[in-house]
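Numbering follows the UniProt record's numbering, in which position 45 of the sequence shown is assigned residue number 45; successive positions increment by one, without gaps.
Because the hints were derived from the structure by calculation, they are not lab data. Treat each hint with caution, since some may be false.
What the hints assert, rightly or not - Label-pair ranges, simulated between beta-carbon atoms:
| hint | residue 1 | residue 2 | range |
| --- | --- | --- | --- |
| 1 | P203 | G247 | 20 to 26 Å |
| 2 | R174 | G309 | 18 to 24 Å |
| 3 | R39 | V184 | 30 to 36 Å |
| 4 | A66 | V251 | 52 to 58 Å |
| 5 | R260 | R127 | 42 to 48 Å |
| 6 | E69 | R200 | 25 to 31 Å |
| 7 | S253 | A82 | 53 to 59 Å |
| 8 | R199 | L139 | 16 to 22 Å |
| 9 | E288 | A313 | 14 to 20 Å |
Each residue gets a CB set at the ideal place from its N, CA and C atoms; glycine is no exception.
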Amino acid sequence: MKAHTGDSEPPVGEGGPRRGGLTTGEVARRLGVAPTTVRTWDRRYGLGPDAHTEGSHRRWTTVDVARLERMCALTATGLPPAEAARLARTEECPTAAGPERPDAARRVSAGRRSRGASGLQMGDVRRECRGIARAALRLDAAALDELLLAAIAEHGLVAAWTEVIVPTLQAVGRKWETSGEKYVEVEHFLSWHVSGALRRAAPRTVEDRPGATTVLACVPGENHTLPLEVLSAALAERGVPVRMFGGALPVESLVAAVRRTGPAAVGLWAQSRNTASRPLAQHVAAMEWGVRGARRRPVVLTLGPGWAGRAVAGLARPSGLAEAVAAVESSVYP
1 MKAHTGDSEP
11 PVGEGGPRRG
21 GLTTGEVARR
31 LGVAPTTVRT
41 WDRRYGLGPD
51 AHTEGSHRRW
61 TTVDVARLER
71 MCALTATGLP
81 PAEAARLART
91 EECPTAAGPE
101 RPDAARRVSA
111 GRRSRGASGL
121 QMGDVRRECR
131 GIARAALRLD
141 AAALDELLLA
151 AIAEHGLVAA
161 WTEVIVPTLQ
171 AVGRKWETSG
181 EKYVEVEHFL
191 SWHVSGALRR
201 AAPRTVEDRP
211 GATTVLACVP
221 GENHTLPLEV
231 LSAALAERGV
241 PVRMFGGALP
251 VESLVAAVRR
261 TGPAAVGLWA
271 QSRNTASRPL
281 AQHVAAMEWG
291 VRGARRRPVV
301 LTLGPGWAGR
311 AVAGLARPSG
321 LAEAVAAVES
331 SVYP
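Please build the complete structure, drawing on both the sequences and the hints.
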């Protein structure tokens, strides 16, 4: 299912733009802005494409997109949109500013420096990653929501998480670690909106079925819930009933939840080796319920990087989201 972009023609595939250029929706995803923003820049500031195809459909060439990229960079430095648009329409902004406008030249130069300083090292990733990262850096909530939901609709929850969201989160995390914690607000902002997008994109909660429920919880002391949220959404997408308990669930509460639900599987997330507890995982795996002579135990999945080097004999440790989904499905539907 493709996300609606506002253009009547379908978007291009991964192989590159069709003859005539990109659609407005594709340009917006690449830049990390909402399609309505691109159209507003066209209508209000004359930053539209140089040519239209038959039927007046907008098609953006690489030159058109470069002009919009300059607009994004300039507005990110604090320039008013009208002035940023005027400068963006000029191929060589500092030269065009001329000696009579040294203030404009300085601001364009500052804009370029700012763009480089705030740029994220993305590597070889999908185009959507760059758009999402730009929206996060600008703290643009509307664009970020639209881009995240479009990526999930385009690729599905598992692929969107693995190929789009995780690389972007990692790039933001690296930027935060190497910039003196200047971008911690971006990381929190992005994580919050990813969580919201997962909730909106996931199907309705699946009703419990005896022996088919999955319990998901972070181990005590662990509050990184986002990977469990996407696992919960992916399982719901496949019709698996899930009970999500979130961050830092106390031991006694985890045990009570397992006894009350009698789950087929229990996923325990640990981000840090300091929180991964072998004794806890072993205790949950040994819990039994059901009638005498037909008692069951849950399949316990040790999830997250905290379990690296702390493997628990006999317990599954999926290496990624797709593997975790497959492990749960095999326990629910043996």
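The hints, checked one at a time:
1. P203 - G247: 20 to 26 Å: Given about 23 Å between the Cβ atoms, the range holds.
2. R174 - G309: 18 to 24 Å: holds (23 Å)
3. R39 - V184: 30 to 36 Å: With Cβ atoms ~33 Å apart, the hint holds.
4. A66 - V251: 52 to 58 Å: Given about 56 Å between the Cβ atoms, the range holds.
5. R260 - R127: 42 to 48 Å: Distance hint for R260, R127 holds at roughly 46 Å.
6. E69 - R200: 25 to 31 Å: Because 29 Å falls inside the window, the suggested range holds.
7. S253 - A82: 53 to 59 Å: Cβ of S253 to Cβ of A82: about 56 Å, so the range 53 to 59 Å holds.
8. R199 - L139: 16 to 22 Å: holds (20 Å)
9. E288 - A313: 14 to 20 Å: holds (19 Å)
Every hint, counting from the list given before, is met by this structure.
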